[in-house]
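Trainee: I would like the entire structure built from these sequences, with the hints used as guidance.
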Amino acid sequence: AQSVTQLGSHVSVSEGALVLLRCNYSSSVPPYLFWYVQYPNQGLQLLLKYTSAATLVKGINGFEAEFKKSETSFHLTKPSAHMSDAAEYFCAVSSFSLTTDSWGKLQFGAGTQVVVTP
Amino acid sequence: EAQVTQNPRYLITVTGKKLTVTCSQNMNHEYMSWYRQDPGLGLRQIYYSMNVEVTDKGDVPEGYKVSRKEKRNFPLILESPSPNQTSLYFCASSLSWGVGGDYEQYFGPGTRLTVT
Numbered sequence: 056a057q058s059v060t061q062l063g064s065h066v067s068v069s070e071g072a073l074v075l076l077r078c079n080y081s082s083s084v085p086p087y088l089f090w091y092v093q094y095p096n097q098g099l100q101l102l103l104k105y106t107s108a109a110t111l112v113k114g115i116n117g118f119e120a121e122f123k124k125s126e127t128s129f130h131l132t133k134p135s136a137h138m139s140d141a142a143e144y145f146c147a148v149s150s151f152s153l154t155t156d157s158w159g160k161l162q163f164g165a166g167t168q169v170v171v172t173p
Numbered sequence: 093e094a095q096v097t098q099n100p101r102y103l104i105t106v107t108g109k110k111l112t113v114t115c116s117q118n119m120n121h122e123y124m125s126w127y128r129q130d131p132g133l134g135l136r137q138i139y140y141s142m143n144v145e146v147t148d149k150g151d152v153p154e155g156y157k158v159s160r161k162e163k164r165n166f167p168l169i170l171e172s173p174s175p176n177q178t179s180l181y182f183c184a185s186s187l188s189w190g191v192g193g194d195y196e197q198y199f200g201p202g203t204r205l206t207v208t
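Residue numbers (this note's numbering), protein chains in the order written: chain A, 56 to 173; chain B, 93 to 208.
Watch out, some of these pointers could steer you wrong.
As the list claims (entries may be wrong) - Computed beta-carbon distance windows for the label pairs:
hint : chain 1 : residue 1 : chain 2 : residue 2 : range
1    : A       : 69        : B       : 190       : 39 to 47 Å
2    : A       : 121       : B       : 172       : 40 to 48 Å
3    : B       : 208       : A       : 151       : 36 to 44 Å
4    : B       : 159       : A       : 75        : 19 to 27 Å
5    : A       : 172       : B       : 131       : 21 to 29 Å
6    : A       : 154       : B       : 162       : 15 to 23 Å
7    : A       : 152       : B       : 112       : 23 to 31 Å
8    : B       : 112       : A       : 126       : 20 to 28 Å
9    : A       : 72        : B       : 190       : 37 to 45 Å
No lab work stands behind these hints, which were simulated from the structure alone.
Note that beta-carbon positions come from the ideal geometry of N, C-alpha and C, so glycine has one too.
Mentor: Structure below.
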């Protein structure tokens, strides 16, 4: 079974500084990978996804992530943090199900809360 | 407006009293999924559905049932709720999750369930 590990449950960054959120997964085959953002009292919103095309994936709000198969990682970065980036971020991985012959199973990491300080 | 709706948004119930949380999407999406969110655990998938009459267990299906009789609806049923099912529940849908699909999930607003 797949698993997802997010390093750091809380990250504090200064406004304008680099945002780096770490995600590692376990998989024997290249999976589909995702980053989601959750603002307070809201559902999740997709930031970006890796589906075996380009290894460097660009998403919304200036975020990007790089798939590194050798490191089984999919870290999320943003060059310059903005106050509006304060939220919780979740990494997720799709795994294959023989029952449905699909990649419909999803595992999420425990989440990383990002605080942005002025 | 394209959206995923869940009802009710808040529910307090007692142990053992059957309940259903409804989920409906108006985007003609094939894929639908239920998650529960608990502090420190992130989201955990309960069940998902690739299309009508095609469902599969996620990581935490015990104590839950689902059905997908129509494309737009994917209700979550708790036959005999217990306090450990107190959680925040999200329904999500995606146009397609098959090979070559778009893999973008749209989430509902969440249902906060308390079982006493």
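Trainee: Confirm or reject each hint.
Mentor: Going down the list of hints, with the structure as the test:
| no. | hint | result |
| --- | --- | --- |
| 1 | A:69 / B:190: 39 to 47 Å | holds, 43 Å |
| 2 | A:121 / B:172: 40 to 48 Å | holds, 46 Å |
| 3 | B:208 / A:151: 36 to 44 Å | holds, 39 Å |
| 4 | B:159 / A:75: 19 to 27 Å | violated, 42 Å |
| 5 | A:172 / B:131: 21 to 29 Å | holds, 23 Å |
| 6 | A:154 / B:162: 15 to 23 Å | holds, 21 Å |
| 7 | A:152 / B:112: 23 to 31 Å | holds, 25 Å |
| 8 | B:112 / A:126: 20 to 28 Å | violated, 44 Å |
| 9 | A:72 / B:190: 37 to 45 Å | holds, 40 Å |
In the structure shown, a violation is registered for the earlier hints numbered 4 and 8, in ascending order.
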